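Numbering (our numbering), first residue to last: 1 to 741.
Honestly, the hints are just simulated from the structure, not real lab data.
A hint or two may mislead.
[To be verified] Below are the DSS-like pairs computed for lysine-lysine, each with C-alpha atoms no more than 30 Å apart in a straight line: (1) K377 <-> K687; (2) K332 <-> K170; (3) K17 <-> K687; (4) K17 <-> K636; (5) K377 <-> K738; (6) K149 <-> K397; (7) K149 <-> K170.
Values in this document were obtained by computation on a predicted structure and should not be read as measured data.
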Amino acid sequence: MAAYIGTATSRVDGAAKVTGAAKYAAEFAATGVAHASVVTSTVTKGRIVRVDASAAMALPGVIEVLTHENRPPMAESFEAYKDEVAPDGSPFRPLFDDRVMFNGQPIALALAETSEIARQAASLVRVEYAEEPHETDMFRRRDAAVPVKDPTNPIEALFAPPKVRGTPDKALAAAALRHEAEYFVPIEHHNPMELFAATVVVEDDGKLTVYDKTQGVQNVQRYLCSVFGMEADQVRVMNPFMGGGFGVGLRPQYEVVLAVLAARALRRSVRVVLTRPQMYALGYRPAMIQRIAIGVAESGTLDAITHDAVTVTSQYEDFHRQETGWSGLLYKSEHASYAHRLARLDLPTSCDMRAPSAAPALFALESAMDELAIALKLDPVELRLRCYSDRDQHEDKPYSSKALRECYREGAEAFGWDRRNPEPRSMRDGRELVGLGMATGVWEALQAPITVRITLTANGHAEVACATSDIGTGTYTIMAQVAADMLGLPLDNISVRLGDSSLPQSPVEGGSWIAASVANGIAATADALRDELLRLAQGTPGSPLAGTEPGDVVLMEGSLVSRRDATRAVSIVDAMRQGRVDRVEQVRSTNPSPDSRAHNAHSAVFVEVRVDEQLGVVRVTRVVSAVAAGRILNTKTAGSQILGGVVWGIGMALHEETQIDHRFGRIMNANIAEYHVPANADIHDIKVIFVDEQDDSNPLGIKGVGEIGIVGVAAAVANAVHHATGRRVRDLPITLDKVLV
Numbered sequence: 001m002a003a004y005i006g007t008a009t010s011r012v013d014g015a016a017k018v019t020g021a022a023k024y025a026a027e028f029a030a031t032g033v034a035h036a037s038v039v040t041s042t043v044t045k046g047r048i049v050r051v052d053a054s055a056a057m058a059l060p061g062v063i064e065v066l067t068h069e070n071r072p073p074m075a076e077s078f079e080a081y082k083d084e085v086a087p088d089g090s091p092f093r094p095l096f097d098d099r100v101m102f103n104g105q106p107i108a109l110a111l112a113e114t115s116e117i118a119r120q121a122a123s124l125v126r127v128e129y130a131e132e133p134h135e136t137d138m139f140r141r142r143d144a145a146v147p148v149k150d151p152t153n154p155i156e157a158l159f160a161p162p163k164v165r166g167t168p169d170k171a172l173a174a175a176a177l178r179h180e181a182e183y184f185v186p187i188e189h190h191n192p193m194e195l196f197a198a199t200v201v202v203e204d205d206g207k208l209t210v211y212d213k214t215q216g217v218q219n220v221q222r223y224l225c226s227v228f229g230m231e232a233d234q235v236r237v238m239n240p241f242m243g244g245g246f247g248v249g250l251r252p253q254y255e256v257v258l259a260v261l262a263a264r265a266l267r268r269s270v271r272v273v274l275t276r277p278q279m280y281a282l283g284y285r286p287a288m289i290q291r292i293a294i295g296v297a298e299s300g301t302l303d304a305i306t307h308d309a310v311t312v313t314s315q316y317e318d319f320h321r322q323e324t325g326w327s328g329l330l331y332k333s334e335h336a337s338y339a340h341r342l343a344r345l346d347l348p349t350s351c352d353m354r355a356p357s358a359a360p361a362l363f364a365l366e367s368a369m370d371e372l373a374i375a376l377k378l379d380p381v382e383l384r385l386r387c388y389s390d391r392d393q394h395e396d397k398p399y400s401s402k403a404l405r406e407c408y409r410e411g412a413e414a415f416g417w418d419r420r421n422p423e424p425r426s427m428r429d430g431r432e433l434v435g436l437g438m439a440t441g442v443w444e445a446l447q448a449p450i451t452v453r454i455t456l457t458a459n460g461h462a463e464v465a466c467a468t469s470d471i472g473t474g475t476y477t478i479m480a481q482v483a484a485d486m487l488g489l490p491l492d493n494i495s496v497r498l499g500d501s502s503l504p505q506s507p508v509e510g511g512s513w514i515a516a517s518v519a520n521g522i523a524a525t526a527d528a529l530r531d532e533l534l535r536l537a538q539g540t541p542g543s544p545l546a547g548t549e550p551g552d553v554v555l556m557e558g559s560l561v562s563r564r565d566a567t568r569a570v571s572i573v574d575a576m577r578q579g580r581v582d583r584v585e586q587v588r589s590t591n592p593s594p595d596s597r598a599h600n601a602h603s604a605v606f607v608e609v610r611v612d613e614q615l616g617v618v619r620v621t622r623v624v625s626a627v628a629a630g631r632i633l634n635t636k637t638a639g640s641q642i643l644g645g646v647v648w649g650i651g652m653a654l655h656e657e658t659q660i661d662h663r664f665g666r667i668m669n670a671n672i673a674e675y676h677v678p679a680n681a682d683i684h685d686i687k688v689i690f691v692d693e694q695d696d697s698n699p700l701g702i703k704g705v706g707e708i709g710i711v712g713v714a715a716a717v718a719n720a721v722h723h724a725t726g727r728r729v730r731d732l733p734i735t736l737d738k739v740l741v
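Full structure from sequences and hints, please.
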């Protein structure tokens, strides 16, 4: 039987999705469900003086309007509202008190017999505020930004700024050439297709089944138990399908709290569905001001680099990631310093968004490297090769694998980089200026503790179960592929259960760590299952496998087969019959062993743009992304992940920007009509190359690909725009006014 790992296998859940059989959080049936509509604040900071719900309550079909004054009990302490990935600070407590901390904050919940009546009722609720002065402009709060603290959360601890190396100020002053510039990335919002929603079903025994849009069902379950003082067996959270998360679903969002709050108040099932504008209060990629200074030797190698960043967070939590140290993973520099400060604004807490920190940080770093190449009259690829680092300089340790040189070579060859005339404005096609740009990408290759259960029945069917989520990336499919190969069964004989808090333990799905974590968890559990089957098979008198060790046996085509002699085999059916069992089940937990090496995925992105010389309209006409990410489990779904990341990177470069009217602290384009993202007409030829890379960080040699696809794309576009027009744009997005000025 041919192997499934490494093949272009179609999604095993594809038919369910295209036929509508796949159910999402707002689609699960519940008898007698009440519908809820959220009332949000129209001011940015202050207190609620009075809520008048009389007009709403007079509407036929309205059940109740919940506010901070009449809601059921909730936990009092901020600590009770912390979740698995919460940053340091005091988490937002929905409908807790009269305090308004950001525009669009949920302040009431209208409950009715139909969703239409609930929405109308919400529109009739009148609120009186005692308004206070607010600040939502990070440039006005820039000087008051505070240095990031040493985090207490272990997740946050992964993102502490790196330590200073050498004496960067002296090295910069003595450098043969120095480049210094400031770069800006605005607030961006995730905008997944599926609206955030929660359906809470009150079961006959009073227990709650919660269908929530989330990237971590067990994280949400623990959070709800903490907030409402419930035992773990009283709440089951499910999310078998998710219509996009991109990081905004890592933390429990307020819709699930409000849905449970309402269900406890009414003692009946409740559904809450947020509107698109309301989702703009859930989290966002923080705006980022970066200042980079690089000192270069005459040979074109780096003497020193300093990278300082200011990012946005809320007044009540300190969200941040490691924004500034990516250069230490890519380019040799004896002297380096990194600083990161937070601008606290009257906004919701910022959050992870695809390739958090790396996507905006590499825009600045790779733009700066391009500017250096021009100043040195060096090819941009050549400069990066001269500065190439074979070690993680932050901790002075080698990489488990780093095939970035091969990414440069294969990407450049496929793109036709050697045909590039280095002179800006030197290439054109009719009235369009043609520009070619490139950039590097880097992301972490992480693996997290996870538990997997496999149940094998005598008819040759296996069920693989884990509480992890599939946020649209293809987790169902890779789990089935790995299980099929490890168990020696056809893909059709594998079923996968996930997205259920009652299943074996899993972390939230994010950071590109789930593929490696769950795949290696399946492999370990399959080995345990093989060992159990071998024990049963060896119980047969005269067994062909008598005396063989577990490591000498492989599961293949429905049988246990000796690796040394394929004629020595026992079918799984016979082994189970001999053991008088009709099913065999194993549960195994895997925890990655500490490793003294650095673990990263890498990419080289090459972009062609065409710019209308008269109108300034920029089109990205060709992209080649060469990615080194260890062993690729599924070339089709992994390729789709990189394609999606490239499209998002184009959007980041040319389209995306959350615009706030700072007079009111209100987002002006909180919808997908005015918040611009790439459409079909904006996307042309994209080629993805997976560079061969062997890695032994985990048994299957896997690195995740969810994030690496976007990293470096915005910089490559900006560098191509400069090559086409001679204009350097350091603040995103690159709109036509910036090209024409």
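Exercise for the section: Below or equal to 30 Å on CA atoms is what counts here, so check K332 against K170. Expected result: Status holds; Cα separation ~17 Å.
Practice task
Verify the proposed pairing of K149 with K170, using a straight-line Cα cut of 30 Å.
Solution key: 27 Å, holds
Exercise for the section: Verify the proposed pairing of K377 with K687, using a straight-line Cα cut of 30 Å. Expected result: It holds: about 28 Å lies between the C-alpha atoms, which stays within 30 Å.
Handout entry: Holds or violated: K149 to K397, with C-alpha atoms at most 30 Å apart
Key = Holds: K149 and K397 sit about 25 Å apart, inside 30 Å.
Handout entry: 30 Å Cα cutoff - pair K17, K687
Key = Given pair K17, K687 holds - Cα atoms ~26 Å apart, limit 30 Å.
Exercise for the section: Sort out whether K636 lies within 30 Å of K17, counting only the CA atoms. Expected result: The given pair, whose Cα atoms are some 17 Å apart, holds under the 30 Å limit.
Exercise for the section: Verify the proposed pairing of K377 with K738, using a straight-line Cα cut of 30 Å. Expected result: Holds - the C-alpha atoms of K738 and K377 are around 25 Å apart, at most 30 Å.
Checked against the numbered hints listed earlier, the structure breaks none of them; every hint is satisfied.
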